[in-house]
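Visitor: Here is how the chains run, residue by residue.
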Amino acid sequence: MLQLNFDPAKCIACKTQDCLVKCQYLRLDKDKAKTEMQKIINGEDSFVLHDCVTCYACEEYCKMGNHPFYLIVERQEGKGILPAPRSIATMWINQCEPRGRFTVGKVKERALSFCFIPIFPLWATGKLFDGIASSYIMGEEFFCNAVFLHYAKMSVIKDRLPKVIENIAKLGIKELICLHDECYGTFNSLAPAYGMKVPFKTTHYFEYLYEKLKELKDEIKPLNVKLAYQRPCSNRLSPKTQHFVDDIFNLIGAHRVKREYVGENALCCAEVIRMGQGYKIADDVQKRNLEDMVKAGAEYCVFNCPMCYLSIGDKVSKRGLKPIHIIDLCKMAIGEKTAPGV
Amino acid sequence: MTDYTKQIHRCFRCGYCKFPSDYSDFNCPSYARFRFDTYSTSGRLWLIYAWLKGEIEWSEHLAEILYSCTTCKNCVEQCPMKFSSDIVDWIVAARSDMMEKEKGRIPPRVTSFLEDVYRLGNPLKERGKRDAWANGIKRYQPGDEYLFYVGCLGSYDEFGRRMARSVARLLSEAGISFGILGNDENCCGNEVYLLGEKELFQVLAERNIQKFKELGVKKVVTLSPHAYNAMKNNYPLVSNAYFEVSHYTQLLCGLLRENKIRPSRNKIKVTYHDPCFLGRYNKIYGEPREVLQSIPGIELLEMERNRENSFCCGGGSGNFVTDLLGGSEESPSRIRVREAYETGADILAVACPSCMTMLQDAVKVENLESKLAVKDISQVVAESL
Amino acid sequence: MIDIYNLLAEIVGEQHVSNHKEERYFYGCDPGLTPPHEPDYVVMPETTEEVQQIVKLANKEKIPIVPKGGGLALTGLVIPQKGGIVIDMKRMGKILEVNEKSRYVVVEGGVTHGMLQNYLKKHHPKLRHSIPDSPAISTVVGNAVIHGQGRLTQQYGFNSDMVSGLEVVLPTGEICRIGSHSISSQHWFSKGAPWPDLSGLFLGWFGTTGIITKLGLRLYPCKKMRDVMVFLTDKIELVPDIILKLTHTEMTEDIVVNEQPLPPRMKGNIYILIIITGDSDEELDFKRKIIWDALWDIFESRDGGFLSVPADMKPPLLEMPSRDVVRFADVRKGGGFEYSGPIIPLEKYPEFITKQKELVSKYNLSYSATSRVIAGGHCMMYAFAFTFNRADPDEMDRIRKALREAAEFTVEQGGMMWKPTIEEQKMIIERMDPNTLKIMKKIKELLDPNGIMNPGNWEA
Ligand SMILES: Cc1cc2nc3c(=O)[nH]c(=O)nc-3n(C[C@H](O)[C@H](O)[C@H](O)COP(=O)(O)OP(=O)(O)OC[C@H]3O[C@@H](n4cnc5c(N)ncnc54)[C@H](O)[C@@H]3O)c2cc1C
Ligand code: SF4
Ligand code: SF4
Ligand code: SF4
Chain V
1 MLQLNFDPAK
11 CIACKTQDCL
21 VKCQYLRLDK
31 DKAKTEMQKI
41 INGEDSFVLH
51 DCVTCYACEE
61 YCKMGNHPFY
71 LIVERQEGKG
81 ILPAPRSIAT
91 MWINQCEPRG
101 RFTVGKVKER
111 ALSFCFIPIF
121 PLWATGKLFD
131 GIASSYIMGE
141 EFFCNAVFLH
151 YAKMSVIKDR
161 LPKVIENIAK
171 LGIKELICLH
181 DECYGTFNSL
191 APAYGMKVPF
201 KTTHYFEYLY
211 EKLKELKDEI
221 KPLNVKLAYQ
231 RPCSNRLSPK
241 TQHFVDDIFN
251 LIGAHRVKRE
261 YVGENALCCA
271 EVIRMGQGYK
281 IADDVQKRNL
291 EDMVKAGAEY
301 CVFNCPMCYL
311 SIGDKVSKRG
321 LKPIHIIDLC
331 KMAIGEKTAP
341 GV
Chain B
343 MTDYTKQIHR
353 CFRCGYCKFP
363 SDYSDFNCPS
373 YARFRFDTYS
383 TSGRLWLIYA
393 WLKGEIEWSE
403 HLAEILYSCT
413 TCKNCVEQCP
423 MKFSSDIVDW
433 IVAARSDMME
443 KEKGRIPPRV
453 TSFLEDVYRL
463 GNPLKERGKR
473 DAWANGIKRY
483 QPGDEYLFYV
493 GCLGSYDEFG
503 RRMARSVARL
513 LSEAGISFGI
523 LGNDENCCGN
533 EVYLLGEKEL
543 FQVLAERNIQ
553 KFKELGVKKV
563 VTLSPHAYNA
573 MKNNYPLVSN
583 AYFEVSHYTQ
593 LLCGLLRENK
603 IRPSRNKIKV
613 TYHDPCFLGR
623 YNKIYGEPRE
633 VLQSIPGIEL
643 LEMERNRENS
653 FCCGGGSGNF
663 VTDLLGGSEE
673 SPSRIRVREA
683 YETGADILAV
693 ACPSCMTMLQ
703 DAVKVENLES
713 KLAVKDISQV
723 VAESL
Chain G
728 MIDIYNLLAE
738 IVGEQHVSNH
748 KEERYFYGCD
758 PGLTPPHEPD
768 YVVMPETTEE
778 VQQIVKLANK
788 EKIPIVPKGG
798 GLALTGLVIP
808 QKGGIVIDMK
818 RMGKILEVNE
828 KSRYVVVEGG
838 VTHGMLQNYL
848 KKHHPKLRHS
858 IPDSPAISTV
868 VGNAVIHGQG
878 RLTQQYGFNS
888 DMVSGLEVVL
898 PTGEICRIGS
908 HSISSQHWFS
918 KGAPWPDLSG
928 LFLGWFGTTG
938 IITKLGLRLY
948 PCKKMRDVMV
958 FLTDKIELVP
968 DIILKLTHTE
978 MTEDIVVNEQ
988 PLPPRMKGNI
998 YILIIITGDS
1008 DEELDFKRKI
1018 IWDALWDIFE
1028 SRDGGFLSVP
1038 ADMKPPLLEM
1048 PSRDVVRFAD
1058 VRKGGGFEYS
1068 GPIIPLEKYP
1078 EFITKQKELV
1088 SKYNLSYSAT
1098 SRVIAGGHCM
1108 MYAFAFTFNR
1118 ADPDEMDRIR
1128 KALREAAEFT
1138 VEQGGMMWKP
1148 TIEEQKMIIE
1158 RMDPNTLKIM
1168 KKIKELLDPN
1178 GIMNPGNWEA
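Protein chains in written order, with our numbering: chain V, 1 to 342; chain B, 343 to 727; chain G, 728 to 1187.
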């Protein structure tokens, strides 16, 4: 049985209790945070387990290398606490169940992961993906399964993820370029937290795009537009990738607007929160987030995660901003047609 | 293709294929013409299945139903099922099959179409003189950039010839080096293929490809979308000889973009009829429109059914000769010119010599000759120079 | 012997009549499971007068007549059980009048739902009709004749309740006007009320009492926007309560309840599609909140929840008619499905689902169960839908048996079979109050003395 690497001693020694103190949804001071965390560690009930909106952020807030969010998910599951209605979790479990359908392109040592998101093949085209577009994997058998963090189903992850890693490794892939931020987070945070070995290199597609753009430097026409960046929940699992957003924007001559909700303080797209906690919190988060983008003077809202894009793209347009995925943005910069719209 | 006999029963006869995507009218030309469900896609598919099962026997009427399909691919576009892309292939396969199994019992007009192509190299009962239209346009010589393939209608049909000359004129004026095959040209075989005569198609394709090879042709530009389609999609099944093929509207589009042709102001109202073999078969919707819109002052008026939803003129699958859909107010070409007239356009622009003959005839019968001129895109451009 | 073919050709023109094997074959079957039976002739009239002459001829010669629209009822209702003449109504395709103020349209007997939808969108964008999910080729009249249901049925009742007048050619050849236009030819706003509602002599009769050549249909406001909400629950027993709560809001357009094992994401849950409409974002937002609040307690108890539907998933859910519905016919790669769609009391939903699952495992079938709430929730249409491969006679047979059992179950539970097959009609007749049956018989004999109209149907 896979065990979470969580060191209670770190929490006892912890001076900040950042994981819970910084939480954007629960109000805890340092003392309260300490007690509640201890309860969680001890396997006792805590209101945190009930009110957590599963935004993943505490994983990032903890600077001690502990895994507060994964622990919360473990405890929720253990106690039968449901962060979302059963039916929603059931839907995900059934939809993503592996059934031997390997959607695999002409895989080479270097391959793209389209996760389980059918829109990626439409995006991964043109010069940016020259020579690699046909080397891809996609579908249930390669799905990172991190989504179950939202539904207190760590057991499903523990069951499915090792097989996914094995499936990928078996294809002889040496470097996997993850187009879904969440996959990258899974392989670089979730898997190691459970001691799962990932026998191939993983590259965040930000880095891939950045390198490609450098190659195509001559074809870049500076975009000269003002952008807001929508950071997804999954990026809390790989905060180190954040600098690439600025690096890419700089390369393509775009300006990132100054926002309140940025970095650690970013707000997620809130559609998962809607399903779990209801419309009131979700509407509030979205309202604050979008108003912040508008106030900051952004013309575009740039997405990292396609699910955020599909979920709030419409709302973004209604506020007068243009929603765009970062891949499309890069294509725009090199004068390519953007993908069929959503 | 998967064996059609194992698939054809999958049609549910839901009838989506009778319509364009917005249900504005019936869009299967032979259904629009005859109105018995048997003349719609599902009618044909169910009857073919019945024939395969031995529940109905071959008859002239069955043959008529089968050959009045113009292979326009509206059904392919509209059918919501996973197999949709195969429908026309099934119909064509069944024609082939029946031709073998029910020897000689296809509609007489289809038989004579095929015989004429076999004997004369064209379905128009013409002998030789394939270059009579050319008026000094030179033969293709190695080194020329393009081979201009005009096809049977371009060679012999009165309107087709005018089209061919007009395209040739524009190419010359733009300084393109090109030549024709003249008497060495053969029927492209597109219709022959669709009528189910696969062996004859093979022969025709091989002959043309052989000729191209001999002359070292690298690029072919066709007058007819039918020839374009055959060369682009079916010739590769016959031979792996590589040559690039484009339709003349694509070439013109490039020349206009490069300013090698510069039309001047022309205040005209034009509507454009998408030919099936350019549109639904090859997804070329933009270039012909771009060519027209490059004429300053032009007003492009769309018919209700356009692009993917274009209504076939009724000429496909040899019907520009066999005319199995003719003879009625509800003949597709007549429905189409009425629709074109309703847009308020003075000119109905076409990009295909088959559409050209079909629609020319129809404007006459509909007494719209003085109100609606049928012209091909190159003519519209040429008149604006 | 008189030459019926030529007489028909004289009426409609030679191009519009056929006695060829091919037409007889095709018009002798429908996409469902009823065994085929060929007509002797197929005709396609264009006017009421042509219909009248055909009917007169048939009545004189005692030849059976079956009117056919899209032929999509699936339960064999257009299969000419005794041969005779099938009248394909689709050449009567004119939309005659739209009254924007009194909100109705008058259509000819063969106008398709698709064309009416397109016509209104183009010429009267503020009006809409209740579009069923049957393919666009299905006719407005055929749908009303079988008491169909559409996208506005949850709000306004069966599509047949929306009929606002009829013109009928009686089996004996007279042309008869039903409703407000029976005394004033310009007004088609009521099919009967406040007088005796004679439309009941024709609606629900499957063409056995006359041929409808014109039909008035109520139109309704067409709001600028539509959106879909999806509520999921794994507790079947909660469904009636959920519908009650939803209809209490009086804020939904359509409510459709789906249960099916495929695609996998649908397994294990009931999907409740809730359509809302509005003229502004504010209106939609307001309705969304009211609907959330109505189900908040179920949400909080974690027994059900709203799915956040990504933008790319919405169009197929909002499409009218839904093309996804016909795709069900290709699940077995065999071009077939049929459903028995009883109208059932709301509270019986859980029993019907349980029954369907029982049938599925007993007969080893692929299924879906789609239900549409009717008229604010007094009842719902529950579809026992099974898909089959047309090339697999054994599977088709198993479905026939399952549907037969489903019908028996329906009757036991007090449900009413919708668009019943002839076999099901017999089942109904056997159990019907004898006096009710007597009235039906008298009506039939009175209107169709020679029994020429769609014989086999509604026969005692
Ligand atoms: C995929 C699918 C989805 C469906 N979804 C729905 C749905 O959502 N809602 C719904 O209500 N139905 C649905 N149906 C059932 C059915 O297709 C529709 O009700 C359809 O509108 C029936 O119309 P039609 O023209 O096909 O009728 P037909 O099947 O042609 O005729 C039905 C009956 O009416 C009689 N009739 C036809 N025309 C006349 C006339 N002019 N005068 C007198 N009698 C006449 C016929 O003899 C027959 O008895 C669905 C069917 C399919 C295949
Ligand atoms: S999880 Fe990290 S941040 Fe939270 S208390 Fe423990 S060490 Fe501190
Ligand atoms: S071909 Fe496709 S659209 Fe046409 S009737 Fe058959 S299943 Fe329906
Ligand atoms: S190809 Fe065209 S003519 Fe033939 S069945 Fe399809 S829609 Fe009808």
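Don't read these hints as lab results, they were simulated from the structure. It cannot be assumed that every hint is accurate.
[What the hints assert, rightly or not] Restraint ranges, calculated between C-beta atoms of paired labels, are given here:
1. G/1141 <-> B/439: 52 to 60 Å
2. G/1008 <-> B/606: 45 to 53 Å
3. G/1008 <-> V/170: 47 to 55 Å
[Unchecked claim] Below 27 Å or equal to it, Euclidean Cα-Cα: the simulated DSSO-like pairs (lysine-lysine) are:
4. G/848 <-> V/318
5. B/560 <-> B/467
6. V/163 <-> G/994
7. B/395 <-> G/748
8. V/318 <-> G/1016
9. B/574 <-> V/106
10. V/337 <-> B/395
11. V/337 <-> G/1041
12. G/951 <-> V/322
13. G/848 <-> V/280
14. V/79 <-> G/962
15. V/337 <-> B/348
16. V/158 <-> G/994
17. V/322 <-> G/1041
18. G/1041 <-> V/318
[What the hints assert, rightly or not] Chain G stretches covered by chain B per the calculated footprint, using a threshold of three residues with CB under 8 Å from any CB of chain B:
19. 735–746
20. 854–865
Every value quoted in this text rests on a predicted model; they were computed, and no experiment measured them. Glycine is no exception: its CB is placed at the ideal position from the N, C-alpha and C atoms.
Visitor: Next step is simple, just say for each hint if it's right about the structure.
Guide: Each hint, compared with the structure:
{"no.": "1", "hint": "G/1141 <-> B/439: 52 to 60 Å", "result": "holds, 53 Å"}
{"no.": "2", "hint": "G/1008 <-> B/606: 45 to 53 Å", "result": "holds, 48 Å"}
{"no.": "3", "hint": "G/1008 <-> V/170: 47 to 55 Å", "result": "holds, 49 Å"}
{"no.": "4", "hint": "G/848 <-> V/318", "result": "holds, 25 Å"}
{"no.": "5", "hint": "B/560 <-> B/467", "result": "violated, 31 Å"}
{"no.": "6", "hint": "V/163 <-> G/994", "result": "holds, 23 Å"}
{"no.": "7", "hint": "B/395 <-> G/748", "result": "holds, 15 Å"}
{"no.": "8", "hint": "V/318 <-> G/1016", "result": "holds, 19 Å"}
{"no.": "9", "hint": "B/574 <-> V/106", "result": "holds, 26 Å"}
{"no.": "10", "hint": "V/337 <-> B/395", "result": "violated, 50 Å"}
{"no.": "11", "hint": "V/337 <-> G/1041", "result": "holds, 25 Å"}
{"no.": "12", "hint": "G/951 <-> V/322", "result": "holds, 23 Å"}
{"no.": "13", "hint": "G/848 <-> V/280", "result": "violated, 36 Å"}
{"no.": "14", "hint": "V/79 <-> G/962", "result": "holds, 21 Å"}
{"no.": "15", "hint": "V/337 <-> B/348", "result": "violated, 41 Å"}
{"no.": "16", "hint": "V/158 <-> G/994", "result": "holds, 22 Å"}
{"no.": "17", "hint": "V/322 <-> G/1041", "result": "holds, 20 Å"}
{"no.": "18", "hint": "G/1041 <-> V/318", "result": "holds, 17 Å"}
{"no.": "19", "hint": "735–746", "result": "holds (count 3)"}
{"no.": "20", "hint": "854–865", "result": "holds (count 3)"}
The structure shown violates the earlier hints numbered 5, 10, 13 and 15.
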